[in-house]
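Colleague: Listed below are the residues making up each chain.
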Amino acid sequence: MKEEIIIAGFGGQGVLSMGKILAYSAIMQDMEVTWMPSYGPEMRGGTANVCVIISDRKIGSPIVTKYDTAIVLNQQSLDKFENAVKPGGLLIYDPSGITREPVRKDIQICRIDAISHAAELGNAKVYNMVVLGAFLKMHPVVEQKNVRKGLEKSIPARYSDLIDLNEKAIAEGMKHVVSVNQI
Amino acid sequence: MAEKVLMKGNEAIAISAIRNGVDGYFGYPITPQSEVMETLMKEKPWETTGMVVLQAESEVSSINMVYGGASCGKKVMTSSSSPGISLMCEGISYMAGAELPCVVVDVMRGGPGLGTIQPSQGDYNQIVKGGGHGDYHNIVIAPASAQDMYDFVDWGFELAFKYRNPVVVLADGVIGQMMEKVEIHPPKPRMTDEEIRTKAPWATVGKPASRERNIITSLSLDSDTQEAFNRKLHAKYSEIQEKEVKFTEYMTEDAEYLFTAFGCSSRICEAAVDMLRAEGIKAGLLRPVTLFPFPYKEISRLASQVKSIMSIELNFGQMVEDVRLGAENKCPVGFYGRQGGNIYTPEEVAEEFRKFNNIK
Amino acid sequence: MNIEDIRKPENIVYRKPALLTDNIMHYCPGCSHGTVHKIVAEVIGEMGIQEKTIGICPVGCSVFAYNYIDIDWQEAAHGRAPALATATKRLCPDKYVFTYQGDGDLASIGTAEIIHACSRGENIVVIFINNGIYGMTGGQMAPTTLLGMKTSTTPYGRDAKLNGFPLKITEMLAALDGTAYITRQSVHTAPAARKAKNAIRKAFEYSDRNIGLSFVEIVSTCNSGWKLSPVAANKWMEENMFKEYPLGDIKDVLK
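Protein chains in written order, with numbering that gives the first Met the number 0: chain R, 0 to 182; chain D, 0 to 359; chain B, 0 to 254.
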């Protein structure tokens with residue numbers, strides 16, 4: 000099993016930490032991971048992206064150009080990564096971040112209105128966890144209990160009271176993700 | 000059981016330093032390696048192991064703090080990225096000349112000059128062939144994963160003390176910035192004063208009446224003395240070349256074609272080998288883990304076996320010169336590189352391989 | 000009294016300090032380095048801290064100081080001695096650590112290192128020999144060279160328009176919060192040398208009290224570089240150097 004995922008959006012949307020929690024969850028499931036961010040000035044308020052690879056064997060190249068899954072949270076990221084999804088792959092997007100719908104017919108496309116669901120939970124910061132839930136619903140690469148462990152490892156001890164909220168946000172994402180096409 | 004932690008290569012350097020009994024870290028911020036000092040400052044090891052961590056006013060100062068600490072027989076280190084390493088080369092030369100152990104981590108970025116802050120392997124010649132003035136070698140080890148970053152700190156100090164020589168961990172922006180699973184081993188204590196006196200009898204720790212004074216210096220104004228010293232250094236480097244070469248091989252047993260690559264490039268080549276193998280092309284990879292000493296013999300052996308060798312590097316062809324020396328004209332040696340922070344993909348490497356070898 | 004009587008311990012009024020080695024000094028006759036070395040050796044000996052002292056040599060005439068004082072030494076790259084001393088003291092906090100630097104080393108190429116060591120308040124001693132010239136490389140202009148002073152790179156005299164002004168680095172360092180004791184001395188007469196010795200001893204004592212950096216400047220002669228006899232050099236120093244670099248304590252946080 001090997002899943003190559005690109006997560007992309009604006010700095011501040013929690014792209015990097017979503018990737019980190021996903022990667023940590025996979026480690027808790029005894030899998031190999033790489034988490035490779037874009038870094039540098041473009042990170043300061045611009046577009047941020049991180050490539051996470053999860054595999055049950057040693058990972059060679061951390062640099063890939065085609066992804067099993069693209070999670071895109073703004074228009075630039077959709078433009079950049081829609082065509083980078085492997086045929087038969089998955090694209091998840093947040094409708095409030097884009098002005099043009101994805102057009103590919105050979106991949107599965109899913110929508111998650113993460114902003115509204117995060118707002119309903121009363122904490123906009125769990126936005127990225129709603130998105131992660133959507134992904135885990137579509138591609139359950141890690142088990143629920145390991146996601147919990149991944150959260151525990153990733154969230155600093157002083158915020159440990161937020162773990163339940165994050166888990167709830169993931170559950171919301173799982174519940175509300177919508178498939179917009181059929182391949 | 001070893002604890003498994005998700006961390007960046009740069010963080011792994013810092014955590015490893017604390018857990019492997021390093022006495023001091025002296026550094027200066029520069030992208031893409033600033034997480035090393037940031038992690039150390041966050042961890043506050045001076046409250047636990049007593050490790051000293053200090054932000055210096057420049058890379059020039061950091062390496063000279065390392066010089067001072069190493070003179071006391073302490074395990075001391077610094078880290079930087081390419082432009083900062085250039086500034087440190089004066090100090091590294093002095094340390095090679097004074098035969099001082101230390102570990103320097105270079106998380107390479109694009110150059111020359113200010114260059115880019117993206118990954119590169121453009122410092123190969125600088126670090127492997129010298130860097131500072133005079134006739135010396137660094138021991139150079141090239142990590143290819145966050146786990147390597149963690150493990151190479153301890154290995155680096157082992158080599159540094161064994162040979163009383165600077166060791167450079169030659170990493171790059173990919174290895175520094177990427178997070179991976181790292182297995183954390185049980186912590187080792189720092190050396191006691193007694194251990195330092197035994198392990199480093201040359202150290203300047205205060206002169207007791209029982210011995211002559213210890214002098215750490217790289218100065219000798221007498222030509223014959225200097226030449227004799229250079230001979231001694233050269234003999235040391237020959238011994239290192241003889242005993243410390245380390246490399247890994249991937250699918251070389253029946254290989255008809257060989258890639259050579261170090262650091263992050265070796266992992267991309269591994270994926271390219273898999274792709275070519277899937278097409279029925281018997282490709283393999285040799286990854287030098289030590290760059291000085293360099294695995295000339297192993298490349299020579301494989302050069303007799305394969306139809307060609309291709310060196311894949313994030314520069315315009317630096318390690319390839321050593322690969323050619325190793326191949327001894329037994330087979331054609333090709334090169335493919337990218338620059339400025341652009342990184343080849345496995346597909347791109349496979350495509351260049353086909354072009355070089357005229358395989359459609 | 001015959002020679003044997005004179006040599007009896009009870010008759011000895013002066014002797015070479017125990018920590019000064021028998022190596023013949025390479026310094027020119029009349030140079031201040033020899034006197035300052037002797038004072039440093041005396042202070043370390045009298046304080047009984049030979050086993051706890053680590054010296055850092057500069058690049059310059061005193062590059063070979065390690066041949067003359069019987070303690071552990073590190074030889075630094077040009078200007079970098081305060082960086083070596085910083086790490087040495089922080090890693091070995093129970094030791095006495097001092098640098099011995101000239102004006103080319105400390106006030107020119109090593110300005111960053113000395114300023115930041117002072118600013119961080121490193122608990123070290125810095126002995127700064129200021130003779131207004133580069134001695135070792137053959138008498139070139141130093142940052143501390145006086146206006147009008149002839150050197151091999153200011154053959155017509157230092158011109159402020161061309162070469163800028165003499166750098167009063169000691170006063171600059173006194174302004175930094177990390178310094179504890181800053182003084183300017185000389186060793187051209189016996190009383191001056193006694194004062195300088197007291198200052199150096201105080202600096203070593205302060206460095207053990209974790210109150211910051213102690214800095215002793217010694218305004219010195221370089222008769223070779225100045226092209227003067229030792230006696231004339233002393234006179235020239237009194238008449239010219241002391242005007243630009245007046246002697247005395249500049250800062251003492253315990254006073």
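Worth double-checking, as some hints may not be accurate.
[Said to hold, decoys possible] Think about it this way: if two alpha-carbon atoms lie no more than 25 Å apart in a straight line, the pair counts; the simulated BS3-like pairs of lysine-lysine are:
hint, chain 1, residue 1, chain 2, residue 2
1, D, LYS281, D, LYS306
2, R, LYS124, D, LYS198
3, D, LYS187, R, LYS152
4, D, LYS43, R, LYS152
5, D, LYS187, R, LYS85
6, R, LYS152, D, LYS41
7, D, LYS198, B, LYS242
8, R, LYS65, D, LYS359
9, D, LYS128, D, LYS235
10, R, LYS144, D, LYS41
11, D, LYS128, D, LYS242
12, D, LYS43, R, LYS1
13, D, LYS296, D, LYS245
14, D, LYS359, D, LYS281
15, R, LYS65, D, LYS41
16, R, LYS148, D, LYS161
17, R, LYS1, R, LYS104
Rather than coming from a laboratory, the hints here were simulated on the basis of the structure.
Colleague: Decide, hint by hint, whether the structure agrees.
Modeller: Status of the hints after comparison with the structure:
1. Annotation: proposed proximity of LYS281/D to LYS306/D holds, straight-line Cα distance about 10 Å (limit 25 Å).
2. This hinted pair does not check out: LYS124/R and LYS198/D have alpha carbons roughly 53 Å apart, beyond 25 Å.
3. Pair hint LYS187/D plus LYS152/R holds up; C-alpha atoms about 24 Å apart against a cutoff of 25 Å.
4. Taking the CA atoms of LYS43/D and LYS152/R, the gap is near 20 Å; set against the 25 Å cutoff, the hint holds.
5. A C-alpha spacing of about 46 Å is found between LYS187/D and LYS85/R, which places the hinted pair above 25 Å, so the restraint is violated.
6. Using a Cα cut-off of 25 Å, the hinted pair LYS152/R and LYS41/D holds, with the two alpha carbons roughly 17 Å apart.
7. For a cut-off of 25 Å, the pair hint linking LYS198/D to LYS242/B is broken: about 52 Å separates their Cα positions.
8. Simply put, LYS65/R and LYS359/D have alpha-carbon atoms about 23 Å apart, close enough for the 25 Å limit, and the pair holds.
9. With a C-alpha separation of about 16 Å, the suggested pair LYS128/D and LYS235/D falls inside the 25 Å cut-off, and the hint holds.
10. For the hint linking LYS144/R to LYS41/D, the alpha-carbon distance of about 30 Å lies beyond 25 Å, and the restraint is violated.
11. Only pairs whose Cα atoms come within 25 Å are accepted, and LYS128/D paired with LYS242/D is accepted, the gap being roughly 19 Å.
12. Proximity of LYS43/D to LYS1/R is assessed by CA-CA distance (about 38 Å); at most 25 Å being required, the pair is judged violated.
13. Of the pairs offered as hints, the one joining LYS296/D and LYS245/D holds, with about 11 Å between alpha carbons and a cut-off of 25 Å not exceeded.
14. Straight-line distance between C-alpha atoms of LYS359/D and LYS281/D comes to about 15 Å, which keeps the hinted pair within the 25 Å bound.
15. With a CA separation close to 37 Å, the supplied pair LYS65/R and LYS41/D exceeds the 25 Å bound.
16. For the given pair, LYS148/R sits about 42 Å from LYS161/D by alpha-carbon distance, which is inconsistent with the 25 Å threshold.
17. Between LYS1/R and LYS104/R, the direct Cα distance comes to roughly 23 Å. Compliance with the 25 Å bound is thereby established for this hinted pair.
Hint check: violations occur at hints 2, 5, 7, 10, 12, 15, 16; the rest are consistent with the structure.
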